[in-house]
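J.: Let the sequences and hints guide you as you build the complete structure.
Numbering (the working numbering), first residue to last: 1 to 340.
Hints in this document: simulated from the structure, not taken from any laboratory.
Every residue gets a Cβ at the ideal spot worked out from N, C-alpha and C, and that includes glycine.
Watch out, some of these pointers could steer you wrong.
Claimed, not checked - Estimated spans, in silico, between C-beta atoms of each pair:
id	residue 1	residue 2	range
1	Ile91	Pro167	38 to 44 Å
2	Gly259	Pro55	37 to 43 Å
3	Pro228	Glu328	29 to 35 Å
4	Ala122	Gly259	36 to 42 Å
5	Gly259	Gly57	34 to 40 Å
6	Asp261	Gly57	34 to 40 Å
Stated by the list, open to error - Listed below are the simulated SDA-like cross-link pairs for lysine to any residue, each with C-alpha atoms no more than 20 Å apart in a straight line:
id	residue 1	residue 2
7	Lys84	Asp131
8	Lys84	Pro55
9	Lys280	Ala68
10	Lys332	Gln194
11	Lys332	Asp127
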Amino acid sequence: MRKHSRQRAVVTRETTVRNWISCAAFAALAAASAAPACAQQAPLDGALTIVVGYPPGGSSDRIARLVADRLKDRLGVTVVVENKTGAGGRIAAQGLHALAARQNVLMLANPAVMVVAPLVYAEPGYDARRDFQPVSLVSRYKFALAVAANSPIRDVAGLRQWLRDNPRQFSVGVPATGSLPHFFALMLGRQIGQEPEVVGYRGSAPLISELIGGVLPQAVDTLDTLLPQHRAGKIRILATSGDARDPLLADVPTFREAGVDLAADGWNAFFASSAMAPAKAARLGEDIAAVMREPAMQQAVRESYLEPVTADAAATGRELDAYRAQWEPAVKASGFTATQ
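T.: Structure below.
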């Protein structure tokens, strides 16, 4: 068996999704955009900038641009998306507070930036609790466990049996060391009673390539990344991490249905600097939530294999607190630390 590719540095929103959204969804959004702007007075004086810590084309960038397109009509102001990539999204977070002192800026971020990085980096370059305020949660995504299509493992019960027969071969690939799938794999190992060897890759593409090729026996990644390969018959998803089965994958059980007491997800949410007036942040949260309620927007998000969410600033804050309560113990218990 070839040696696994490894990487030990980056906490990132590691996944990429299929680089398309259906023409029908875009057409529907374009039609919605042609509607008259909301008559409410905009909460902004000047343009709005949305900062994304990941490259163009990924799910975070796509959602940011979909929201930006609708906000410009709703608010009647220019809305610009800027990709400030690097350090797994931390570059964007580090610069947000300084930017907000002189302009209207929001950041679209995920738990890798807001929850995990402050725990595994000695100096992430920001204080996630002090420097930011929640604005609006816009999407959720699930995790999944997968094997190659030709693997003898057909389901989670089969995995348990395989591990009993091969007790020191629980090797699980993840798209990056220190990522959310990394810690989900550790939580999975605790639940099934066997600690995995977590193999970190330089992104989802090489991870999936080695899984398909049989180099890697198991992999954990986000469902939106794995689902296209599952549908193409190249890999087999054994279970997903939601509380209920995903409607796009109704024949695959959740981990709990498969006898593993484990449920978790990730999300994308807008944040503002703590320097922004709370009333302005709250109003922007209401506007983004209104945009996310539009049927065309929800369809566009689903086309990316994500779950659309409608949440204002207060609801987003509660979601963030609950997420920290679930994930911080697991991250701390792992003893994992990352380098810059």
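J.: Look at each hint and say if it fits the structure.
T.: Here's how the hints hold up against the structure:
no. : hint                        : in the structure
1   : Ile91 - Pro167: 38 to 44 Å  : 42 Å, holds
2   : Gly259 - Pro55: 37 to 43 Å  : 39 Å, holds
3   : Pro228 - Glu328: 29 to 35 Å : 32 Å, holds
4   : Ala122 - Gly259: 36 to 42 Å : 39 Å, holds
5   : Gly259 - Gly57: 34 to 40 Å  : 38 Å, holds
6   : Asp261 - Gly57: 34 to 40 Å  : 36 Å, holds
7   : Lys84 - Asp131              : 18 Å, holds
8   : Lys84 - Pro55               : 8 Å, holds
9   : Lys280 - Ala68              : 17 Å, holds
10  : Lys332 - Gln194             : 19 Å, holds
11  : Lys332 - Asp127             : 17 Å, holds
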